[in-house]
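Residue numbers (this note's numbering), protein chains in the order written: chain Y, 222 to 332; chain B, 14 to 130.
No wet-lab data here; the hints were simulated from the structure. From the three backbone atoms N, C-alpha and C, an ideal C-beta is built for every residue, glycine too. Be aware that one or more of the hints could be misleading.
DSS-like, lysine-lysine: derived pairs with alpha carbons at most 25 Å apart [to be verified]:
| no. | chain 1 | residue 1 | chain 2 | residue 2 |
| --- | --- | --- | --- | --- |
| 1 | Y | K257 | B | K14 |
| 2 | Y | K324 | B | K70 |
| 3 | Y | K327 | Y | K257 |
| 4 | Y | K291 | B | K70 |
Covered stretches of chain B, as calculated for chain Y (at least 3 residues, CB under 8 Å) [stated by the list, open to error]:
| no. | segment |
| --- | --- |
| 5 | 44 to 56 |
| 6 | 60 to 69 |
| 7 | 108 to 119 |
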Amino acid sequence: GQQVMQIPQYQHVQEGEDFTTYCNSSTTLSNIQWYKQRPGGHPVFLIQLVKSGEVKKQKRLTFQFGEAKKNSSLHITATQTTDVGTYFCAGPQGGSEKLVFGKGTKLTVNP
Amino acid sequence: KAGVTQTPRYLIKTRGQQVTLSCSPISGHRSVSWYQQTPGQGLQFLFEYFSETQRNKGNFPGRFSGRQFSNSRSEMNVSTLELGDSALYLCASSLRTSGGPWTGELFFGEGSRLTVL
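Just chain Y, with the same shape it has in the complex (with noise of 0.2 Å):
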């Protein structure tokens, strides 16, 4: 079935160091879309990705798309507390019409 894995599950970092989430998919992607979900909130879309190799930045969060369209990365660059939540990848698999999300990364930032 179509699966998008996402690494690490948890990840819990000291405010100002950095911060990177990864997701894999089984089958090429046309596109790739990251949400954040605050505790207790919902999810909020952050980024779309379409293009091969595309590398994206917002502030202190940069985004890239693998090369072969079946991976990507969000980073984040000298964390803060309010960067704390879980961040989703999600993407078409194999051309379908669903967005199918990963499971997410849950951030914890100590202050």
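Put chain B on the given structure of chain Y with help from the hints.
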């Protein structure tokens, strides 16, 4: 512009009962998707509706059903509730119109948290 509105926000039911959840999408959005979120399984796709038609369906039993009205508002129903149905049910709308591989942002509501006792 108002966001996606889901009601009720919280509800408690007992096994065997049924429940109906409501979702009002962002004005102008005709695509409405439903997801079930649990700690163990993450976000799992239930179904997507567009122009009152179910366009896609996830791997859930027939106890889970939904519909969409002409004003794009959507409801989902779960019949014969089981303990394992306890979850956060998220509705999301999008500007997506055409078929084909999913693309475009999902706008999620706050969710309806269902507890089955």
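Counting residues of the segment 108 to 119 of chain B whose CB is closer than 8 Å to a CB in chain Y, do you get three or more?
Result for this restraint: holds, n = 8.
Regarding the pair K324 (chain Y) and K70 (chain B), is the alpha-carbon distance no greater than 25 Å?
19 Å, holds
Holds or violated: K327 (chain Y) with K257 (chain Y), Cα cutoff 25 Å?
10 Å, holds
Verify this for me: three or more residues of the segment 44 to 56 of chain B with a beta carbon less than 8 Å from a beta carbon of chain Y.
holds (count 5)
Taking 25 Å as the top limit, are the C-alpha atoms of K291 (chain Y) and K70 (chain B) close enough?
Given that 25 Å is the threshold and the Cα spacing comes to 24 Å, the pair holds.
When you check the alpha-carbon spacing of K257 (chain Y) and K14 (chain B), does it fall within 25 Å?
Since the Cα atoms of K257 (chain Y) and K14 (chain B) sit roughly 21 Å apart, the hinted pair holds (cutoff 25 Å).
Assertion that chain Y covers the segment 60 to 69 of chain B - criterion: three or more residues, beta-carbon distance below 8 Å:
holds (count 3)
In this structure, none of the earlier numbered hints is contradicted; all agree with it.
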